[in-house]
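First residue of the sequence shown? That's 78 in this note's numbering, and the numbers climb one at a time after it.
Don't read these hints as lab results, they were simulated from the structure. Treat the hints with caution; some may be incorrect.
[What the hints assert, rightly or not] Straight line, CA to CA, 30 angstroms or less: simulated BS3-like cross-link-like pairs of lysine-lysine:
id, residue 1, residue 2
1, 145, 220
2, 137, 188
3, 188, 150
4, 196, 182
5, 115, 222
6, 196, 130
7, 220, 205
8, 145, 130
9, 150, 168
10, 137, 182
11, 222, 137
12, 205, 188
13, 130, 168
14, 196, 222
15, 171, 145
16, 115, 168
17, 168, 205
18, 188, 220
19, 171, 182
20, 130, 150
21, 150, 182
22, 115, 182
23, 182, 168
24, 115, 188
25, 222, 205
26, 137, 168
27, 220, 130
28, 115, 137
29, 205, 145
30, 220, 182
31, 222, 171
32, 150, 115
33, 196, 168
34, 222, 168
35, 171, 220
36, 137, 150
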Amino acid sequence: MKKYILVLLVCSAIVSCDVRRKDKIADDSETQMALALKDSTTVQIIDSAYNFKTVTDGEKVMYSYRFKNIGTKPLVIVEATASCGCTVPQKPEKPILPGETGFIKIVFDSKGRVGEAHKTISVISNAKPEFPTLILTGNVVAKEKNGLTN
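Could you put together the complete structure from these sequences and hints?
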């Protein structure tokens, strides 16, 4: 019985140490985000909307929205999120220095999305004024099967 209690105490100690470590990591990332957003800069959006025209169901659309840091501080992209899981944005990991151009790359998976597509990408950064919502539009048509559409 004493062995079970000892094992239970050791496991509890290990788990509690791990939780505190995760809390510290979360606190560090929140601190870094607050510091990044404190020093604002100005951004010039080169591409805020993209129309991929027409693609066939199952095709993937890739595009890079361009922007330029026209401010005096590094531009930090904290987060980029899409309006649905079929569109995956990829933000730059490193700050965009003044005068440099950066990209937010997206991949839209059209599988099962037949019809008009209208997706939005939201960006959180230290830009003032804030990043506008990025727009992705187009049309997804069904695959043809033996000369007929599904």
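Each hint tested on the structure:
no.	hint	verdict
1	145 to 220	violated, 38 angstroms
2	137 to 188	holds, 8 angstroms
3	188 to 150	violated, 41 angstroms
4	196 to 182	holds, 14 angstroms
5	115 to 222	violated, 55 angstroms
6	196 to 130	holds, 13 angstroms
7	220 to 205	violated, 44 angstroms
8	145 to 130	holds, 26 angstroms
9	150 to 168	holds, 18 angstroms
10	137 to 182	holds, 13 angstroms
11	222 to 137	holds, 19 angstroms
12	205 to 188	violated, 36 angstroms
13	130 to 168	holds, 24 angstroms
14	196 to 222	holds, 28 angstroms
15	171 to 145	holds, 14 angstroms
16	115 to 168	holds, 19 angstroms
17	168 to 205	holds, 18 angstroms
18	188 to 220	holds, 10 angstroms
19	171 to 182	holds, 14 angstroms
20	130 to 150	violated, 37 angstroms
21	150 to 182	holds, 22 angstroms
22	115 to 182	holds, 25 angstroms
23	182 to 168	holds, 7 angstroms
24	115 to 188	violated, 40 angstroms
25	222 to 205	violated, 50 angstroms
26	137 to 168	holds, 18 angstroms
27	220 to 130	holds, 16 angstroms
28	115 to 137	violated, 37 angstroms
29	205 to 145	holds, 13 angstroms
30	220 to 182	holds, 26 angstroms
31	222 to 171	violated, 45 angstroms
32	150 to 115	holds, 11 angstroms
33	196 to 168	holds, 17 angstroms
34	222 to 168	violated, 38 angstroms
35	171 to 220	violated, 40 angstroms
36	137 to 150	violated, 35 angstroms
Hint compliance for this structure: hints 1, 3, 5, 7, 12, 20, 24, 25, 28, 31, 34, 35 and 36 are broken, all remaining hints hold.
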